[in-house]
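Going by the working numbering, the first residue of the sequence shown is number 253, and it counts up by one from there.
Worth flagging that the hints you see were computed from the coordinates, not collected in a lab.
Keep in mind that the hints are not guaranteed to be accurate.
As the list claims (entries may be wrong) - Below, computed lysine to aspartate or glutamate pairings styled on EDC-like, alpha-carbon distance capped at 20 Å: (1) K494 to E518; (2) K494 to E476; (3) K494 to E401; (4) K380 to E402; (5) K494 to E304; (6) K380 to E401; (7) K380 to E344; (8) K494 to E539; (9) K316 to E296; (10) K316 to E402; (11) K380 to E551; (12) K494 to E323; (13) K316 to E344; (14) K316 to D348; (15) K494 to D327; (16) K494 to E555; (17) K316 to E304; (18) K380 to D342; (19) K316 to D342; (20) K380 to E555; (21) K494 to E344.
No experiment lies behind these values; they were computed from the predicted model shown.
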Amino acid sequence: MSHDSAPQPLTAHAGLALQGSLRPPGDKSISHRAMILGLLSIGETNVTGLLEGDDVLRTAAAAKALGADVERVGDGLWRVRGVGIGGLTDPEDVLDFGNAGTGSRLMMGVVGGQPVTATFDGDASLRKRPMRRILDPLVRMGTEVVSEEEGGRVPLTLRGPREAIPITYETPVASAQIKSAVLLAALNAPGTTTVIEAAATRDHTERMLRLFGAEVTVVPHGPEGHGRAISLTGQPTLRGTKVVVPADPSSAAFPLVAALIVPGSEVTLEGVMMNPLRIGLITTLIEMGADIERLREREEGGETVADLRVRASRLRGVDVPPERAPSMIDEYPVLAVAAAFAEGTTRMRGLHELRVKESDRLAAVADGLSANGVAHLVDGDDLVVHGTGEPARGGGTVATHLDHRIAMAFLVMGLATQQPVTVDDGAMIATSFPSFLPTMQGLGGRIEG
Numbered sequence: 253m254s255h256d257s258a259p260q261p262l263t264a265h266a267g268l269a270l271q272g273s274l275r276p277p278g279d280k281s282i283s284h285r286a287m288i289l290g291l292l293s294i295g296e297t298n299v300t301g302l303l304e305g306d307d308v309l310r311t312a313a314a315a316k317a318l319g320a321d322v323e324r325v326g327d328g329l330w331r332v333r334g335v336g337i338g339g340l341t342d343p344e345d346v347l348d349f350g351n352a353g354t355g356s357r358l359m360m361g362v363v364g365g366q367p368v369t370a371t372f373d374g375d376a377s378l379r380k381r382p383m384r385r386i387l388d389p390l391v392r393m394g395t396e397v398v399s400e401e402e403g404g405r406v407p408l409t410l411r412g413p414r415e416a417i418p419i420t421y422e423t424p425v426a427s428a429q430i431k432s433a434v435l436l437a438a439l440n441a442p443g444t445t446t447v448i449e450a451a452a453t454r455d456h457t458e459r460m461l462r463l464f465g466a467e468v469t470v471v472p473h474g475p476e477g478h479g480r481a482i483s484l485t486g487q488p489t490l491r492g493t494k495v496v497v498p499a500d501p502s503s504a505a506f507p508l509v510a511a512l513i514v515p516g517s518e519v520t521l522e523g524v525m526m527n528p529l530r531i532g533l534i535t536t537l538i539e540m541g542a543d544i545e546r547l548r549e550r551e552e553g554g555e556t557v558a559d560l561r562v563r564a565s566r567l568r569g570v571d572v573p574p575e576r577a578p579s580m581i582d583e584y585p586v587l588a589v590a591a592a593f594a595e596g597t598t599r600m601r602g603l604h605e606l607r608v609k610e611s612d613r614l615a616a617v618a619d620g621l622s623a624n625g626v627a628h629l630v631d632g633d634d635l636v637v638h639g640t641g642e643p644a645r646g647g648g649t650v651a652t653h654l655d656h657r658i659a660m661a662f663l664v665m666g667l668a669t670q671q672p673v674t675v676d677d678g679a680m681i682a683t684s685f686p687s688f689l690p691t692m693q694g695l696g697g698r699i700e701g
């Protein structure tokens, strides 16, 4: 899908209670990493439950362009025959990542550590996103930035070394993408590379590297052990394996919040990943009084998953600490929607990373709240939402800025507001939740194009 195509406005209306069960799409973070590590492995990797959204399909196409045999063999089932570390080939064309920030940044780590040259590009939104924070450590590891747009933005061309240089790197911000790019480059480095992060970020890369056969150690770091030091022994032989992709908690967030704010609703979300570094939203909503019940906890693909039974609830405002941000960075837009229906004030602290996502999400959320009559304040890097405990007014049109999570968050809002809510473009929702519209309609939600 091209995100430069004609906009597709969508409007959500309040209506009946939401009822039913669904399995949210496969986790996007794990889907990206399964394709990438399949490329870097010897033998065959079989991936079940892959998220077949545009972002992940771009990563799959890039893996194929770099030499892997990538094949869809069934619904959500993919087979990757890798080339191993050091076996990549120069792609014949530009690696076009569309809107995929995660896919592009992680693959920069791959290319930056391998003896290949590749050009990265994307859509208008991706071209605005900063890549310098990824490029800086890669340059220390021997990557040559052949060309780049101002500020290290795409389109840019990287040339990797014969062998990467092992380094110790302290990330300037809490970012799983920076950490992962360095670890992926380090796969072709003789010796040990260590990444130090002041606050623990999602650990899917570390978990999946171990699954494929790499030696990775993780120890607490810093005051009170909030941070982590992650060390990778370079030049392992990765072996293809089976990957079961759990349901994405970031995608589950939208029907989950919808069920909480639409009166009378009861929805069950099946097989949702419960990784402690990914469930900050659930923790916060429970603090707000949400009725969320975890059922049938089990292991799938190296991750704990559970079914979540969610019932409509009276929410109250809370203070969300900044150290929780890494575990819910993608969920703040929909948390802001929940806060608009809560009684009292919700303060979300330390949201500077929202300014460099698919859009300036902090500004986009604030503008969307304004358009729909929700009292709020942006105070530095904090977002403060003043809820009344009653349905928000609604009636506004929200500028999505090509951001799928802004679009879905405000469509969820419109399912419970006094007046319908329109988003100016819903086309990019397919990047992470291709079935969002029929899924929400199947639960009883009124969303129309």
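Tested hints:
1. K494 to E518: Violated, because 34 Å separates the two Cα atoms, which is more than 20 Å.
2. K494 to E476: violated, 36 Å
3. K494 to E401: violated, 38 Å
4. K380 to E402: holds, 10 Å
5. K494 to E304: holds, 17 Å
6. K380 to E401: holds, 10 Å
7. K380 to E344: Since the Cα atoms of K380 and E344 sit roughly 25 Å apart, the hinted pair is violated (cutoff 20 Å).
8. K494 to E539: Since the Cα atoms of K494 and E539 sit roughly 37 Å apart, the hinted pair is violated (cutoff 20 Å).
9. K316 to E296: holds, 14 Å
10. K316 to E402: Not OK: K316 and E402 at ~29 Å, beyond 20 Å, violated.
11. K380 to E551: Distance ~38 Å between K380 and E551 Cα, so the pair is violated.
12. K494 to E323: holds, 15 Å
13. K316 to E344: Roughly 11 Å separates the two Cα atoms, so the pair holds.
14. K316 to D348: holds, 12 Å
15. K494 to D327: This hinted pair holds, its Cα atoms lying about 16 Å apart.
16. K494 to E555: holds, 13 Å
17. K316 to E304: holds, 16 Å
18. K380 to D342: Violated. K380 to D342 sits at ~26 Å, over the 20 Å cutoff.
19. K316 to D342: Since the Cα atoms of K316 and D342 sit roughly 11 Å apart, the hinted pair holds (cutoff 20 Å).
20. K380 to E555: With Cα atoms ~33 Å apart, K380 and E555 exceed 20 Å; violated.
21. K494 to E344: violated, 29 Å
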